Every structure is written in structure tokens, then in C-alpha cells.
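A.B. asks: Here the protein sequences come in this chain order: H and F.
Residue numbers for the first sequence, in numbering that gives the first Met the number 0: 0 to 257.
Residue numbers for the second sequence, in numbering that gives the first Met the number 0: 0 to 568.
No lab work stands behind these hints, which were simulated from the structure alone.
Remember, it's a predicted structure, so these values are computed and weren't measured experimentally.
Where a beta carbon is used, it is the ideal one built from N, C-alpha and C, also for glycine.
Any given hint might turn out to be false.
Subject to a maximum C-alpha distance of 25 Å in a straight line, what follows is the list of computed BS3-like cross-link-like pairs (lysine-lysine) [claimed, not checked]: (1) LYS373/F - LYS330/F; (2) LYS508/F - LYS84/H; (3) LYS84/H - LYS543/F.
Covered by chain H, per the in silico footprint, the following chain F stretches (three or more residues, Cβ under 8 Å) [as the list claims (entries may be wrong)]: (4) 53-65; (5) 530-536.
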Amino acid sequence: MTFEPKIVGFLCNWCSYAGADLAGVSRIAYPTNIRIIRLMCSGRVDPVLVLETFANGADGVMVMGCHPGDCHYVEGNLQAERKVKMLKKLISRTGLEPERLRLEWVSASEGGLFADVVRDFTYQIIAMGPSPLAGEKPDVDVLEGILAAKAAAEDFRLRVLVGREKGIIEDGNVYEEKLSQEKFDETMDEAIATEYIRNKIYFTIRREPLSVRELSKHLDLDPQAVLRHIVVLRRRGMVAVDRVEGTTPLYAALEVGR
Amino acid sequence: MKRAEDNAPRIGVFVCHCGINIGGVVDVPQVVEYAKTLPNVVYAEDNLYTCSSEGISKIKEGIGRYNLDRIIVASCTPRTHEPLFRAACEEAGLNKYLFEMANIRDQCSWPHLHEPEKATEKAKDLVRMAVAKAGLLKPLVEPEIDVTPSTLVIGGGISGMTAALCLANQGFRVCIVEKESELGGRLKQLHKLYPTLVNASKGLDQISGAVKANRNIDVLTSTLIKQVKGFIGNFEVDVQRGNGETAKFEVGTIIVATGTDVLEPVGMYGYGEHSNVLTQLQLETLLRDGKLEMPQRVVMVQCVGSREEKGRTYCSRVCCMTALKNAMLIKESHPRTDVHLLFRDLQTYGGHYEDYRRMAQDMGVKFIKYSLEKPPQVFPKEDGRLDVSVYHALLGEEINLETDLLVLSTPLIQCEDAKKLSHMLKIPIGPDGFFLEAHVKLRPIDFATDGIYVCGTAHSPKDTAESVSQALGVASRAAIPLAMKHMRTEAITAMVDENLCSGCGTCVKICPYSAIAKDEKGVARVTEVLCKGCGTCGASCPEKAITMRHFTDDQVIAQALAAVRRELA
Numbered sequence: 000m001t002f003e004p005k006i007v008g009f010l011c012n013w014c015s016y017a018g019a020d021l022a023g024v025s026r027i028a029y030p031t032n033i034r035i036i037r038l039m040c041s042g043r044v045d046p047v048l049v050l051e052t053f054a055n056g057a058d059g060v061m062v063m064g065c066h067p068g069d070c071h072y073v074e075g076n077l078q079a080e081r082k083v084k085m086l087k088k089l090i091s092r093t094g095l096e097p098e099r100l101r102l103e104w105v106s107a108s109e110g111g112l113f114a115d116v117v118r119d120f121t122y123q124i125i126a127m128g129p130s131p132l133a134g135e136k137p138d139v140d141v142l143e144g145i146l147a148a149k150a151a152a153e154d155f156r157l158r159v160l161v162g163r164e165k166g167i168i169e170d171g172n173v174y175e176e177k178l179s180q181e182k183f184d185e186t187m188d189e190a191i192a193t194e195y196i197r198n199k200i201y202f203t204i205r206r207e208p209l210s211v212r213e214l215s216k217h218l219d220l221d222p223q224a225v226l227r228h229i230v231v232l233r234r235r236g237m238v239a240v241d242r243v244e245g246t247t248p249l250y251a252a253l254e255v256g257r
Numbered sequence: 000m001k002r003a004e005d006n007a008p009r010i011g012v013f014v015c016h017c018g019i020n021i022g023g024v025v026d027v028p029q030v031v032e033y034a035k036t037l038p039n040v041v042y043a044e045d046n047l048y049t050c051s052s053e054g055i056s057k058i059k060e061g062i063g064r065y066n067l068d069r070i071i072v073a074s075c076t077p078r079t080h081e082p083l084f085r086a087a088c089e090e091a092g093l094n095k096y097l098f099e100m101a102n103i104r105d106q107c108s109w110p111h112l113h114e115p116e117k118a119t120e121k122a123k124d125l126v127r128m129a130v131a132k133a134g135l136l137k138p139l140v141e142p143e144i145d146v147t148p149s150t151l152v153i154g155g156g157i158s159g160m161t162a163a164l165c166l167a168n169q170g171f172r173v174c175i176v177e178k179e180s181e182l183g184g185r186l187k188q189l190h191k192l193y194p195t196l197v198n199a200s201k202g203l204d205q206i207s208g209a210v211k212a213n214r215n216i217d218v219l220t221s222t223l224i225k226q227v228k229g230f231i232g233n234f235e236v237d238v239q240r241g242n243g244e245t246a247k248f249e250v251g252t253i254i255v256a257t258g259t260d261v262l263e264p265v266g267m268y269g270y271g272e273h274s275n276v277l278t279q280l281q282l283e284t285l286l287r288d289g290k291l292e293m294p295q296r297v298v299m300v301q302c303v304g305s306r307e308e309k310g311r312t313y314c315s316r317v318c319c320m321t322a323l324k325n326a327m328l329i330k331e332s333h334p335r336t337d338v339h340l341l342f343r344d345l346q347t348y349g350g351h352y353e354d355y356r357r358m359a360q361d362m363g364v365k366f367i368k369y370s371l372e373k374p375p376q377v378f379p380k381e382d383g384r385l386d387v388s389v390y391h392a393l394l395g396e397e398i399n400l401e402t403d404l405l406v407l408s409t410p411l412i413q414c415e416d417a418k419k420l421s422h423m424l425k426i427p428i429g430p431d432g433f434f435l436e437a438h439v440k441l442r443p444i445d446f447a448t449d450g451i452y453v454c455g456t457a458h459s460p461k462d463t464a465e466s467v468s469q470a471l472g473v474a475s476r477a478a479i480p481l482a483m484k485h486m487r488t489e490a491i492t493a494m495v496d497e498n499l500c501s502g503c504g505t506c507v508k509i510c511p512y513s514a515i516a517k518d519e520k521g522v523a524r525v526t527e528v529l530c531k532g533c534g535t536c537g538a539s540c541p542e543k544a545i546t547m548r549h550f551t552d553d554q555v556i557a558q559a560l561a562a563v564r565r566e567l568a
């Protein structure tokens, strides 16, 4: 049987959902695979929703909103754009292809464009093949990665950075210091890397307690860096020493605090 | 059918054939049978048309007979039919927010009409997703608010005054705030109005007299709006008078009638350099005051600074008629004056205006078509006259016109302080700089923000007749909440969990409607009547302390899981 991907679309009520309706009204054909979830605004798309959808085996996720400048809620769509940008960076670390997530602007009058982008995305996903997380036996490593990404996306730091991006770049902080887009992106990339790897460590040692050396090998990361993350995770109450083998402590994830 | 657990939702599913629109593609009976197997579904049936009175009574009957507490209609799009089905639920005593739709027509049977089997599978999935969400739906209440029975009209030009009079005559209080020292707006500068050639001052005096005499209207001239807080029914307005005094009052609705500026074409066609290069507006004033010394030749250039390839791309709508009118006024008093009109495209739309153009032609006004690529050029002569050289696009040759007076038709442009007002009132500005309506066809004089309306040239270039009819339109729109005295507002709003909120203020910054503020405890609080329910705050809250009603994380995730995993339904 040919591969029929499962694609979930998060669409804003005012533009893209209306565009999807128009495609139907105009009888413009597109592949049947997409399953649309109507939201009031693409800005409602919490990164966690997308990661949860991938964790459960979606082969592709589309986020669609109004064109910039046309947002029914002024600029919820730009918030969506920032979130998708962050998500793609986060997902690229997990082993899942970030191309499985796509953001598109479709207006209420663009039924043809809606059909075009859905068709294009569906064919792209068919060419990519099933998600490693789809089906009966999801890839454990990738799943751990997505769970780590989800945990990172739930956490204060990334959320506050995405939520405040516009403010930080355009308005400045309380000291009226502004960051350039480049500088902000740098900060963001660093935050994504750190938050992701910490959570990845957490989910790895949730499966079985490991030493710093083992973790370092598993994650292909400098042992010093692993140790620094372990220290932070212990302080956050997420990790504890499980036991000491010889002189080597093995760390385990704690269920509390999450 | 599965037996629902105690207290579990009792879901009823109504699958619509929509004649053959759905039934001709999707196997509707199969979808109904499938729906019956889903958790918490206690009843499912198909209808030829669920939206017919018969279908509606089936829903109501089902709620009574099977004690249904969640209703799903699998049919067309909620964008058109949700209100109808919600009303049916409400009439049967069920909170209307316990209703959910599955769009198996516009997003299934229609686009997939050549793939009936796959369309049927998709319809099942869409029903399963709706069932997953419906089980988690919560009843919601639309808060009721009292409406202050008065309107603020910003701008005392012809539009603002017309709207104010119309409202005042219906018995509502109106306050006109005008930044200039007297009423009248742009019309004060005009001479005669096309196509009737009535004196602008005649109509203006009449209406401003009526405004001043009306006891329901307060006029505040030399006054600026400092701040507007609140929401439909309860706006608090702060104004600053010319003498520095401030005042505060409350209104229920707001009309934006701030008018426009006219482009000063500095640096174009020698404007600002040569005293005999004028704008149409300056010519108009000279004609009105009888101060135009009749020249031998007048050249008018259309689309100066409008219909550009980039920048001001829009057509200013009034310039062609204004130029024709002024050309004819010149011809009328001085038939021997030679009037040339250089145009790119002459936009004399509608019956009257096209007749007007023929009249001008008959009176001897000469029309020359120029092109955007080769605009006319102006060279000063020693005697103070001007040489206007123009490439005649129809003849295909360069023509030189020696002229005494060059008149430039420049577009109406948005006022400089419009941006401030846009921020203050949370009303958008479109790409042309003019205020942007909620929907170009269906809500042409409303803003997306409830209780605020737009009319006249603040919205787009238009002539007096058009401004007046739009003003009468907004007066009736703005009167609706005032006449109702109370109103219900959006129930789909954001909700903050105080225990989770850390007071970081991210949501306060993100909310485009200033609906969230920190309270005395330092935690975020949503002013529900201001919230429009976009949910961006919830998706951004660093502590995940905000729940977006009717689109909660749980509900959306349930839909997503139902979409990808059949067995989780």
C-alpha cells in the first residue's frame, strides 16, 4: 500500500481556515491527508501543541495564518512565525526533520493557494517517508529528543524569549537597551541548545541511570559540559545521584518537579 | 452504542448529507455508524439537511430525548453555520458552547469529490476529532455589560457632523472633538462641489448650524484626544482643550471621522520653486475668493504623487472630478483661457461623472494622455511663464505647452496624527495609510475592535456625497449598542491561573487589545470584555498559566491526537 501521511493543520479562523473553505467551495482538489484544527489565530499555536502532535506520530504539521499585516488580531501571525522559527531550530536537534513543520500564509480569498501549499507539502512528506515516530514502533531516540524538545518548549526560558522577541528588539528592556536581530538570534540559539540538551539528559537518564562519561558518549558532548548541565538539573530538583559504582556516580531523573 | 459512564459527556452526532453535496461523495450512513462506536457518543443520526427546520428540530428533540449534553454537527463550515446550530442548542436548554462542528463539506466532500473512499475516511477522522474535543468542552458565559448611551465623534468635518446629527436626532448624546478651532474640516477650503456646482459653504453652514443648535451635541473645538481606555459600551475618554485644561467623559461608542491631509508635492513639477505651480486645493481657494487672475493657459497634471509604482500606489478617487470641475469653472468664466488636462487614466466612474467629462470636452477642455514612464517636465521661462513638455502617449510625440499656471492634482493622504490614534484606539491602518475596516465587503465601516467605527476620508479618499452616506451608515452602526442599553460580550476569552502566574508581564506586552494588566497582587488579570480570544497570550505564557477558553491545550491536543491516532479517539 502506498504511504498515506498523517498531516495536521493548525489554521486560523479568519484567513487560512476561510481559504480552506474557499478551496472547497471552488472544488479545487488537493490530497485528502490533511486534518484541520481550527484556532482563532495562528498565534494560538503553542510550540508544545506542535511537539505533542509530532510525538504522537504526525508525519507533518502545517501552521497557517493570515498574511503579515492582515492578521485579524493585529500581529498574532507574527507571533506564530517566531514560534515556528524557534520550533524548527529545536526540532532539528531531535533527529526529526524540521521540514516536517511548515508555516504558510493563506488569506480568505486564496483557495487556490491553500490547495497548492497543501498539495506541495503533502507530496514533500510522501517523498520524505513516514515520521520515525509514526506507527507501532516509534524510534526511541527520536522520541526522547521530541520529549526533551517539548520539555524545553514548556520551560520559562524559551517561552519568555519567543514571547518577548519583538519587545527586546524593538522596544528594549527596562533600561532601554535594545538587542539587534542578530544578537537576539544568537541568544536564542544558545538558549535552545542549552535547554534542549539539559532536557535530553533528563530524558536519557530517565530510562536508566548513567554516569557523566556514559552520557557524554551517548550525547556526543564534552564531559565537562555534561557535568555542568547535571549540576543545573540537580539544583532544579530534576536529577539526583542514583548510586555510586566504584568512584563513579550514576545519575537518575527524578519524577518530581516536572 | 457504548454505555456512557456516569457523569461522562453524552454526545449526540448529527451527520448532514447536504443534499448530494456531502452525501454524493461521503458515505454518510457509514460515518454515522462509525460515530456510534466513538467514546461518549450516545446518539448519532443522519439528516438530509441538518440546517433545515426539520434538522434543527431533530437536534432539539435529541437533546431532550437522549439527555444529550454535547452536540456535534458534521456538515459545512462553522464560519457560516455555527451560529444557527448554537442557537438550536440554546433553545433546547443546552449551553451553546457545548456545540462543535466537523467540516465534512467545504474541507472534505467538495475538494475530495473524486476520491469518495478517502473522503469518507477523512470525514470519519473529522468526526472523531470533533468528538475528542466535544468531550472536553465547558459551558461558557457571555458577560453582560451596561452601555453608556453616548458617542464620541472624532473630527468635526462633514462626515463627523453628519454622523453626530444623525445620532443626536435619535436621542443619543454626542460629543464632537475637533482639533481645529472651528467645525467644517476640509470642506471649508473648497469652492464648489461637483457635479451640482453648489457652493461648498452653503451645505456646510447649514449642517454646522444644525450641529451647534442641537442640544444633544457637545462640540469641543481646539481639542485633542489624549487617551481612550475601556471597551464597547464603556469607553473613558481624556481630552485636552486648547487652553490646556483637561476633561474626562464616558461614551458607549466611538466614530473616527478624522479626515485627511492633502499631499504637498514639494519637489515635484517645480512646486515650491515657482509661484505659478499650485495644487488643485490652492486653485480652489483662489477661485472661491475670486483672486485668480485669468491666465491665457492653464495646464493641470493628474496623479501627482498617486498611482505610483511603489509607495502611494492608490488612486485618490476625487482628483479627476475635481480637476474637471475646476477646469470647467475656468472655462465658464473665461472661455478663451486654454485649459489642458494631462492625465494617465481618467477615472470618471458612474453615470453622472462620465456625463461631466463629456461636458468638459464640449466646453473645450483639452485632454492629453501621458504615461507613467515619461511624466511631463517643467522648465521655467525668463518671463516667469513655464514650458511644460509632455510626451503625448496617444500621438506618440513630445508636445510643448507654454503656460501661465500649472495645477497639480495631488492625492488625499492620511493625517500625520492618525498613527497616534491607531495606537490609542487599537484600530489598524492599511497599506495605503488609511484606517482599515474590519471586512472590506461585509463590515465596511466597522473596525475589528467592537464599538469603534470609521467614516469619511479617514477611511479612504472619497467625495462629499460618499462621505455623507458613509457617515449616515456609521451613525446607525454606532446607535445599535446605545439602543440596546446592555450587551453581551465574547465568552471565548483568556483566563489566568493566579497560582501559576509569576507576574513576568509577557502577556501584557503581547496582547494587542491591552486586555491584560497586572493587578495589585502583581499577577496578570484579563479584562474579559476587552479580550478578543486570539489565544496568543496563552501560547506565549512562560509559566503556562493562561488558559484559552474553548481552545484549551487539552482540547486542541485531544483533536490533534484524534487526527493522528485512530485508537486514542
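A.B. asks: Mind taking a look at whether chain H covers the region 53-65 of chain F? Criterion is 3 or more residues with CB to CB distance under 8 Å.
C.D. replies: With 0 residues closer than 8 Å to chain H, the region 53-65 of chain F misses the three-residue bar; violated.
A.B. asks: Examine the region 530-536 of chain F for residues whose CB is less than 8 Å from any CB of chain H, and state whether their number is three or more.
C.D. replies: holds (count 5)
A.B. asks: Keeping to a limit of 25 Å between CA atoms, is the pair of LYS373/F and LYS330/F held or broken?
C.D. replies: 28 Å, violated
A.B. asks: Going straight from one Cα to the other, do LYS84/H and LYS543/F come out at no more than 25 Å?
C.D. replies: Given pair LYS84/H, LYS543/F holds - Cα atoms ~20 Å apart, limit 25 Å.
A.B. asks: Quick one, are LYS508/F and LYS84/H close enough, alpha carbons at most 25 Å?
C.D. replies: 20 Å, holds
Of the numbered hints listed earlier, those contradicted by the structure are 1 and 4.
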